[in-house]
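Chemist: Sequence:
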Amino acid sequence: MHRKLLGIYLNDHLAGATTGQHVSRHIAEHLRHSPYGGELRRVAHEIAQDRQTLLELMDDLGVPERRHKVYTGRVAEKARLFKLNGRLVGRSALSTVTELEALRLGIEGKTLLWQTLLQFAPTKALDETRLKTLLERARHQAATVESARRSAAVAAFAPARRRGPARLLSSRA
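Residue numbers (the numbering used here): 110 to 282.
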């Protein structure tokens with residue numbers, strides 16, 4: 110493996126994982142009273158575990174953490190809060206949709222990370238069984254977030270008569 114490129118790659122994913130950890134906690138908190146509250150809390154917890162696993166893999170591979178990349182990711186995550194959502198102050202239904210989309214994209218990136226690392230397993234640092242477990246968990250996370258995203262999109266964009274239970278996603282959060 111090309112050490113320098115691997116270090117860049119893993120640190121880029123670490124920055125994304127750090128952002129994903131914060132975004133997933135934010136969404137889980139915001140939607141805690143929705144039908145997806147429990148599932149999104151579980152996803153947020155797993156994303157935090159996945160970030161820790163990535164740090165452990167980096168350590169096992171001798172790849173140092175580049176904190177400036179992590180901080181850059183945090184700044185970008187904070188900047189997204191200034192995005193217009195159709196309201197000058199506060200949230201709108203669009204906020205929930207775009208946050209869930211961002212989280213879904215982050216999970217897809219993590220899925221690709223685990224798939225890429227699987228190409229180099231088994232090595233001492235890259236256990237194939239562990240990576241397959243992480244890959245499957247990421248797929249379940251994506252499915253959970255996708256289900257919540259679909260419901261949020263209906264709540265945001267569908268005519269009132271079509272919203273039905275989907276309205277619950279944003280109305281109590």
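Since the hints were derived computationally from the structure, they do not count as laboratory data. Some hints here could point you the wrong way.
Restraint-style ranges between C-beta atoms, simulated for each label pair [as the list claims (entries may be wrong)]: (1) Pro231 <-> Gln161: 39 to 49 Å; (2) His111 <-> Ser256: 36 to 46 Å; (3) Ile117 <-> Pro268: 40 to 50 Å; (4) Glu138 <-> Glu237: 15 to 25 Å; (5) Thr225 <-> Arg200: 33 to 43 Å; (6) Asp168 <-> Arg259: 15 to 25 Å; (7) Arg112 <-> Gln224: 18 to 28 Å; (8) Pro231 <-> Arg141: 35 to 45 Å; (9) Phe266 <-> Arg141: 17 to 27 Å; (10) Gly218 <-> Ala269: 31 to 41 Å; (11) Leu221 <-> His154: 16 to 26 Å; (12) Leu114 <-> Pro268: 47 to 57 Å; (13) Leu164 <-> Leu221: 13 to 23 Å.
If you're wondering where the values come from, they're calculated on a predicted model, not measured in any experiment. Idealized CB from N, CA, C, for every residue including glycine.
Chemist: Check each numbered hint against the structure and report the violated ones by number, ascending.
Modeler: Structure breaks hints 1, 4 and 6.
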